[in-house]
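Novice: Chain by chain, the residues:
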Amino acid sequence: MPVFLKEFFKRNGTGMGSLMLALVLFWTIGLIILPQLSMLDFSFRPNLPPPEIGGPKDVYTLENYKYLIYGPEGGSQDYNAVDLKVFFRTLVAAVCVTIFNLILCYPIAYYLAQTKGNHIRIFALMLIIPYWINEILRAFALRIIFGETGVLNNALVGLGIFDTPFDFIRNDIALYAGLGYAYILLMIFPIYNVIESLDRNQIEAARDMGASWVKIHQRVVIPYAKPGISSGCTMVFMLSAGALAAPQILGGPSSLWFTQLIYQQFNDNSDWPQGAAYAVVLLVTCILLVLAVMRLFKVNMGDIGK
Amino acid sequence: MKNLSFTRISIWIYLAVFFAYLLGPLIIMSATAFNSPSFPRMTPWECLTFEWFSALFQDERILNGIWNSILVGAGTVVLSVAMGLAGALMLTQIWPKLRATYYTIIIAPILIPGVVIGISTLVFWDRINRMLGLGADSFLSNGLFLTVIGQSTFIASYCMLVLVARLQRYDVALTEAALDLGATHAQAFRKVLLPFMRPAIASAAVLAFLASFENYNTTTFTFGEYPTLTIELAQKVRYGITPAISALAFIIVVLTVFAALANEASIRRKELVAMARKKATVEELESGKLRLPGFLSSNSAAVALVVVACATVAVAGTAAVYSPQQCIAEVQEQKRLETEQRIQELRRQRELRRQEQQQQQGETAPQAQPSGNNSGFGGVFNPGNLSGDSSSGEDASPTEEPPAGNNSGFGGVFNPGNLSGGDGGGSDN
Numbered sequence: 037m038p039v040f041l042k043e044f045f046k047r048n049g050t051g052m053g054s055l056m057l058a059l060v061l062f063w064t065i066g067l068i069i070l071p072q073l074s075m076l077d078f079s080f081r082p083n084l085p086p087p088e089i090g091g092p093k094d095v096y097t098l099e100n101y102k103y104l105i106y107g108p109e110g111g112s113q114d115y116n117a118v119d120l121k122v123f124f125r126t127l128v129a130a131v132c133v134t135i136f137n138l139i140l141c142y143p144i145a146y147y148l149a150q151t152k153g154n155h156i157r158i159f160a161l162m163l164i165i166p167y168w169i170n171e172i173l174r175a176f177a178l179r180i181i182f183g184e185t186g187v188l189n190n191a192l193v194g195l196g197i198f199d200t201p202f203d204f205i206r207n208d209i210a211l212y213a214g215l216g217y218a219y220i221l222l223m224i225f226p227i228y229n230v231i232e233s234l235d236r237n238q239i240e241a242a243r244d245m246g247a248s249w250v251k252i253h254q255r256v257v258i259p260y261a262k263p264g265i266s267s268g269c270t271m272v273f274m275l276s277a278g279a280l281a282a283p284q285i286l287g288g289p290s291s292l293w294f295t296q297l298i299y300q301q302f303n304d305n306s307d308w309p310q311g312a313a314y315a316v317v318l319l320v321t322c323i324l325l326v327l328a329v330m331r332l333f334k335v336n337m338g339d340i341g342k
Numbered sequence: 563m564k565n566l567s568f569t570r571i572s573i574w575i576y577l578a579v580f581f582a583y584l585l586g587p588l589i590i591m592s593a594t595a596f597n598s599p600s601f602p603r604m605t606p607w608e609c610l611t612f613e614w615f616s617a618l619f620q621d622e623r624i625l626n627g628i629w630n631s632i633l634v635g636a637g638t639v640v641l642s643v644a645m646g647l648a649g650a651l652m653l654t655q656i657w658p659k660l661r662a663t664y665y666t667i668i669i670a671p672i673l674i675p676g677v678v679i680g681i682s683t684l685v686f687w688d689r690i691n692r693m694l695g696l697g698a699d700s701f702l703s704n705g706l707f708l709t710v711i712g713q714s715t716f717i718a719s720y721c722m723l724v725l726v727a728r729l730q731r732y733d734v735a736l737t738e739a740a741l742d743l744g745a746t747h748a749q750a751f752r753k754v755l756l757p758f759m760r761p762a763i764a765s766a767a768v769l770a771f772l773a774s775f776e777n778y779n780t781t782t783f784t785f786g787e788y789p790t791l792t793i794e795l796a797q798k799v800r801y802g803i804t805p806a807i808s809a810l811a812f813i814i815v816v817l818t819v820f821a822a823l824a825n826e827a828s829i830r831r832k833e834l835v836a837m838a839r840k841k842a843t844v845e846e847l848e849s850g851k852l853r854l855p856g857f858l859s860s861n862s863a864a865v866a867l868v869v870v871a872c873a874t875v876a877v878a879g880t881a882a883v884y885s886p887q888q889c890i891a892e893v894q895e896q897k898r899l900e901t902e903q904r905i906q907e908l909r910r911q912r913e914l915r916r917q918e919q920q921q922q923q924g925e926t927a928p929q930a931q932p933s934g935n936n937s938g939f940g941g942v943f944n945p946g947n948l949s950g951d952s953s954s955g956e957d958a959s960p961t962e963e964p965p966a967g968n969n970s971g972f973g974g975v976f977n978p979g980n981l982s983g984g985d986g987g988g989s990d991n
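Here the protein sequences line up with chains P and H, keeping their order.
Per this note's numbering, the first sequence starts with residue 37, numbered consecutively.
Per this note's numbering, the second sequence starts with residue 563, numbered consecutively.
Just chain H, same shape as in the assembly (with noise of 0.2 Å):
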């Protein structure tokens, strides 16, 4: 017995730690979103900000790339969701002897890197673009047509598992006895077997359409003039960071966590109304007064969505009035005055060191000036890490410049870094 509470609390903290390493980032990633130092990050928390929101949608390249991912996916889903049933279709029917190879080549595209994809996708349609004598600007090489084609190649193999699971159930008589009842062939598929797929196809077409839009290997090789999300954010995330990224990632969790929950608690709510179907009387049926249960009752997802629902309407509500002003200028002030007691205290130390260094080089000149050099350096470095560090420096310089005692301040620390450091605190500087 000892032995399996053992067991427990080690899943239970190997559970812990898995999912702290799988949401924690995310979780983290959120919270910068709302600090307010230029660089992204939660420690330490100076002020709660929504301004990096604002930022995020004044920002034209970010909502053109929202534009073009959605027209992307748009095609992708088209295309991969009519190649993936009709491939699914296939394999149902294919000469056996082929079968085989036919699906080593259908799920080929899953395993085969993003970035070859997306370059055999280039160099291919190039290719067949020079091959008709058309010219760079044609519709073969539009970055548009290259990207939807380029992910459909691989995403269709996405959506042909998914339809493929369905289609196995599916009974070949009912297509049969639709045909002998009269139906053309289109009219037995649209009337009989697409009812019968529509869930795997909605579900197909939604997997299709989130692997379109976080699709990076592929499209930074046929984007074109049309860079999507992705894309854009890959560019910015490689040159430069901000928390506007972050509000982004933020707004994207939320959308992921309501539509996660949305899609439990409907299953959810589907399987209470089933039960109470079952438990009803026929009396209850045929009166039509059987009770369903209410939207919220036991169905724990219907109750954290709208929980989530009103925190982000709350959350909203306060951005509007909310404003941060006061609170930067105070950790603004802070800092500064931080800084001002740095370099005192540096000053000071300067002046004891130099008072030091007149002694000794009284008794040992040789000697003392490699040690003075040396911890002038220290004097200069100090001061740069803490005040240079890139959030603390660009926040705190505007409202650092106007006061006199400040600049005083500044020069003299890198003063004595050029005087004492000699040419070495001069390349540093």
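If we strip away everything but chain P, and leave its shape as in the complex, we get (with noise of 0.2 Å):
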């Protein structure tokens, strides 16, 4: 037995080191890495009807992945335009709604954060009761708001704003309202953690010296605020490029978002592999451009999740 595993098990008991042990290899191999790993071999293989699965024809190939680029073989496109538009169009509105939630909630997050005071808590309770409201109601309220007869629509026309109601839902309108208002919470907590242990000294010395409003945010918050910062929006990007509820619920009908191209290869298609390609390919993508993101701006990963 290696000297660690000794030591580890003379600390915590056989027993109670046992079952620790077992815990946290089931969660961290079992359900976590192996899944991945099969998802990620599921995705090399052709589509199979179950008894052939083991047999001769199951084989690695790069069939899936073709298809997201090329299309179905012997098409008559060139390259599969419809899902790479849809991939694509995913990845930069997922980027718009990050920044949007960014400029909607440093305000707040540091209002809150250098207010003292009894009505921060009755701010911070509203701030969470939205967010324990579940997720496909959300997206409901904000279609009620949203539709063609909907609150909004009435109002506008009402005022003499439009002649005739706006499609909001046609023109995903909707949908981005709908991302940003899902993951508020999560793009505020983050900063508003990191901004609270910031001393006050430091920015009045910084008024003192003369900096102006913008200056101070400039070189003094916005810098120690960078890793809440890069936290929140690493997690509204991964979540807004991965929500799924949203884009179904308050999506137009003829524009998709890539995780229902997915759902659709799961579910109507029983298309397993092809699904698991695609979603390896959003999964890898996302990590990519959030580490180059990371690098750019230099931030640790270490600092996500504090």
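Source of the hints: derived by calculation from the structure; they are not laboratory data.
Predicted model, so just to flag it, every value in this text is computed and none were measured.
You can trust all of the hints, since none of them are fake.
Capping the alpha-carbon separation at 16 Å, the derived lysine to aspartate or glutamate pairs in EDC-like fashion look like this: (1) Lys251(P) to Glu240(P); (2) Lys798(H) to Glu622(H); (3) Lys46(P) to Glu738(H); (4) Lys798(H) to Asp621(H); (5) Lys152(P) to Glu232(P); (6) Lys46(P) to Asp742(H).
Can you join these two chains into the complex? Each is in its own frame, and there are hints to help.
Specialist: Dropping the structure here:
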């Protein structure tokens, strides 16, 4: 037995130690690592009926990934324009939602963290309550508002701003508002946590030295809050790129989210390997994008989730 | 000074807009639960009704979904709190060189999209199932099992974060002292560490249950034969929405507000009691005559809690005796009158047009034909938009059919469309 294992059992007792070890191993290996590897492996296999799995036809192939780029074999187009367009649109929209959320939430987080008083607790409660409501119901609430005969259209037409109801759903405005809405708390919380620990004297010192309001944020608050900002942005980006409920409920009939394509491959086409390949592409692209941005802004992975 | 007040005002405006965006949708959705049209909407307000609540409680699928959600939630809480606690304890003891890697692995499920977790769980356990040579109805491909496993993968990470925060303040010397005094490892864990961790375990459990209850992305791939409440809701919302869903949302909102206020009130109460104890003299404490502050005194959350509770009771009481039939009948009557009025107006217009047309036909026959056609279309579309609108159409049609004048009115609208609109009008109808 290796030394550190012996040490471990001596510290925790044999019974408790093995229970702990078993739980941790089950979680890390059985639930996190192996399923992901299994999905990766599965994405390189052809779509076979169950009896043929493991048979001679079950060989590794790049077919599923080729399908995303080139479309069906012998198809009329050189590239799989539909799926690729959905893919890039999803990424760009997720980035836009993240930026929108950051701009919306940074002032609130700063205000909450730097002000003392009883009303801050009430604000915090008001922030948390919407987050406890079901994701589906939040999207549903926005659909009531943005619908063709919804409150917003009635108000706009009533005020004479528009002549005819504006189709917010077909133009994807409802979708972006819904995605932004869903993840507000995940952006505010990390930023709030970091700014709260910022010493107020630093801000006052900067002000005494004659720094303008913009300069204070640019040189003092934002550099200090960088870990919080980056972990908030990472979470919002990953979650909105991987969102499924909001696009299904708020998305226009003609526009799809990449996760909806994955869902279709699994549920409508019963092509699991294809769906797995799409999921791998989504996961890998998102992770690479996040890592690239983190390197760009010089943030460590260890800061995420703190 | 002037500058300062300007910033203040802009901050308050910003806060107002922000919270309107945050809370407005929930308030509007709650309001639609009490409006009578069968399409959830707040404007125009028609009748106060409670029928959507009874519709909700008669919906078998929703009730079944709630039951499944509770089952899944219970399983997920047990599994993910256990794994989260083990993971947190391991984090404090693991070999330093492995620590960063280990932390990355257990924090990763938070960042992996839920869809990916659902798919990988499904694919992996399907494979295990096949490797063991089990059938499609074995325990490993059971929807409940898969959902609990899939959700626990990432909910355990949340639990771990909550538990680690508390564990960092734990003094290991306490466990060592217990062991030195002759406790077994299990006893030391149960009697020393566990009581210390209890508040964190409770909040981790609540968090886990809520996360499990509202999860959609992972569950949608794994639920099998056990659709949870969220899955049922998503099905309903995607294929036609009714105010019964608003009613459910309203109930959830009220429960949430209750829980939040109760939590807040109890925290505040503890603070107040602690403060009173601090101020009290030794004599007061010893004689046991210390007067603790009342439950409601200087505790705004408790006051709000009582107000909300009273309001709920009042609303429930009203719902039991209130009947919206009278109001609904009136609104329908009004709608019918409006429709009739419009139809008659249309008829008059058509008469006028026909007369004009006849006059024009005498002069320039070929030109008049298209223009008459166009206006005929307009006539067909107008009433279609007004009465065929999804809410009022469904609502109004049962009572609108009996009156004879109405029937002929409809016929009057559609007929000329067929006659003058030719093939275009026909296909539209």
